[in-house]
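A.B. asks: Two chains, two frames, some hints: make the complex.
As given, the protein sequences belong to chains A and B, one line each in that order.
So for the first sequence, the working numbering puts the first residue at 3; every next one is plus one.
So for the second sequence, the working numbering puts the first residue at 13; every next one is plus one.
Hints are not guaranteed to be accurate.
Taking lysine-lysine and the DSS-like style, the derived pairs with C-alpha atoms no more than 25 Å apart in a straight line are [unchecked claim]: (1) A:K33 / B:K21; (2) A:K65 / B:K180; (3) A:K60 / B:K161; (4) A:K33 / A:K67; (5) A:K67 / B:K180; (6) B:K23 / A:K65; (7) A:K67 / B:K161.
If you are wondering where the hints come from, they were derived from the structure by calculation, not from laboratory data.
Take a look at the letters that make up each chain.
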Amino acid sequence: MDYLKEIRWSPYVAGAGIGVLSWLSFLISRKPIACSTTFAKASGMIEKMIRGDIVDSKPYYQKVKLVIDWQWMLVTGIVFGSLFSALLSGDFHLQLVPALWASRFGTGAVKRILAALLGGVCLGFGARWADGCTSGHGISGTLQLALSSWISATCFFVGGIVTARLLFRF
Amino acid sequence: MSAQSLPAKEKSRISQLIQGLSIGLVFGFLLQKGGVTKYDVIAGQLLLRDFTVIKVMLSAVLVGMAGIYTMKWLGWVELYPKSGSLGMNVIGGLIFGVGFAILGYCPGTIAGAVGNGSMDALIGGVAGIMLGAGLFAALYPWLNEGILKWGFYGKVTLPQLLKVEERKVVLIVAAAIIVVLAVLEAARL
Chain A
3 MDYLKEIRWS PYVAGAGIGV LSWLSFLISR KPIACSTTFA KASGMIEKMI
53 RGDIVDSKPY YQKVKLVIDW QWMLVTGIVF GSLFSALLSG DFHLQLVPAL
103 WASRFGTGAV KRILAALLGG VCLGFGARWA DGCTSGHGIS GTLQLALSSW
153 ISATCFFVGG IVTARLLFRF
Chain B
13 MSAQSLPAKE KSRISQLIQG LSIGLVFGFL LQKGGVTKYD VIAGQLLLRD
63 FTVIKVMLSA VLVGMAGIYT MKWLGWVELY PKSGSLGMNV IGGLIFGVGF
113 AILGYCPGTI AGAVGNGSMD ALIGGVAGIM LGAGLFAALY PWLNEGILKW
163 GFYGKVTLPQ LLKVEERKVV LIVAAAIIVV LAVLEAARL
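Looking at chain B on its own, in the form it has when it is part of the complex (with noise of 0.2 Å):
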């Protein structure tokens, strides 16, 4: 089948699919010439002996920030913040720490560490990763039905919430950003 006889929607699913891979090829590369797809350096990071992590992360993250809000006010981009709760992100987020720190990788540098040929990253964590994301597709209805929503308040951003100008917020994370940056490498870090 050529590709003019495919529906419209169907070009389009695999147009997006195409670009997936490229932003994946691209990212998977920037993780393993950063080092984060190695267990050392994760695990080094949690034991606050080598802070590649948040370095990778920190610097991401400012990049990141300034380019998207900047492409948001010329109305280029929306943004597309995740709804949430205290009860879904302080409790999840701590299991999910729990379980960073005994694997050493997390979703996105286990391929990376897979790609890097650590095999305790495909032989026991992915499967582990699947293990737990079956676990809790099993016990969601009864999760969502309580502590899922404990301390709602959705997909609110940091300047809906302090009422506070997006600019103002944004040049504010980036210089405690840079601050946290600059003192790390000040320290030697």
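Isolated chain A (complex conformation) (with noise of 0.2 Å):
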């Protein structure tokens, strides 16, 4: 049980435990790991509250319904099962700043809120263009050996390296 309590496991037991856990994904529930689609779930109910039963007659609604299914549940208990981790092992932190954020551009926590919003478009949009994002298209896709997941973790990385070699321009 001291295992369970440590803050940080091997990359690779981490990783394994993951390869594992897509088996009992397709053996059980008979689906790929997958997250992105779930927040534009999210977008879309919350703007159909605001705007009523006409959002579900957006195009992209008809494709990806706007109910809570098994990837919104399994979205929810990454942010449980995270927080179960992490209070067993005495590594939860409330924190606005990450350290090596703070090391380029300060420790203002508007700048990094703002940059943290930006990020965040450009991401939810990239990874419905994308039609996946590092979990759908980085882990189950390309463990599927599928053409478009490989295409497009390349891509997630190649797009990532760059930017942030431009933005920490070291």
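C.D. replies: Here it is, written out as structure tokens:
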């Protein structure tokens, strides 16, 4: 049980665990692990609260129905699974500005929140454009050897590495 | 209302939701233990200073691929490769990458970051991802007429594309992943 209280596991143990979890996901739920569609659903659900049922008729929400489903619960589960792990090891920290960010951009919270918002817009927009994220394409798609996923995952990292270099200019 | 009186369809839906939640709980636990629910680790990967993200992903792909293809060959599972095109995956992937670097989380790890106490993820990031996804939904009819169809290849897998036996491609990819991980370890990255 002490192992569960450790702050960090070897990345290979965590990764292999995710690999085994993906077997169970295919075997039991008949679905690959994925996350980003849920953010599109949550976005549409909030829009529906404001603008009403007309939102359901948008072509994208005909394709991605605005209901709480398997993946929606999976993303909810991630929040609590991570919280449980962090509480077990004493690694839960309320934090607004990460240390690496602060070392380059300072400790200002407003700047970090605005950057996170802007980065989030690109991430959410790009994830729907590519039809998947680091989970759906990056892990579940590449392990199925899908061409769409190998191309997407490569572009996630190419875009990310180039942008990070420009941001941190070193 | 007792569980017995629920229609079968509703029961299977509830069972699906519980399965999703359970898989998510374990996924979140593993992401946090792997260290990838933290901005410093993800941004460190994109700056090529910390290779934790790549190690977690490649070992997940290695183990996942070996198990899922074996189960496919046994007839236990089927595959669900996503359809795609160059217009979708290259352009969308690059836009995603820009956001990945600015935000420092991705859609799965940001949920884990929220559980880890990162308020920049909750206040800025989650709101941004939903705005971006909503923006895409608004532009979808227009994008779907053109750019998303450009260079279409559909649900093809690498063995189908290369017309090589699945077993061979699985072995080659597995060997390549092991080599990459061994090189990272040898270079002490």
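A.B. asks: Each hint should be assessed against the structure and marked as holding or not.
C.D. replies: Cross-check of the supplied hints:
1. A:K33 / B:K21: Satisfied, since the Cα-Cα distance of roughly 18 Å is no more than 25 Å.
2. A:K65 / B:K180: 36 Å, violated
3. A:K60 / B:K161: 19 Å, holds
4. A:K33 / A:K67: 17 Å, holds
5. A:K67 / B:K180: At roughly 38 Å apart (the allowed maximum being 25 Å), K180 of chain B and K67 of chain A break the hint.
6. B:K23 / A:K65: The given pair, whose Cα atoms are some 24 Å apart, holds under the 25 Å limit.
7. A:K67 / B:K161: Between K67 of chain A and K161 of chain B the Cα gap is close to 22 Å, so the pair holds against 25 Å.
Going down the numbered hints, you'll see the structure goes against 2 and 5, while the others check out.
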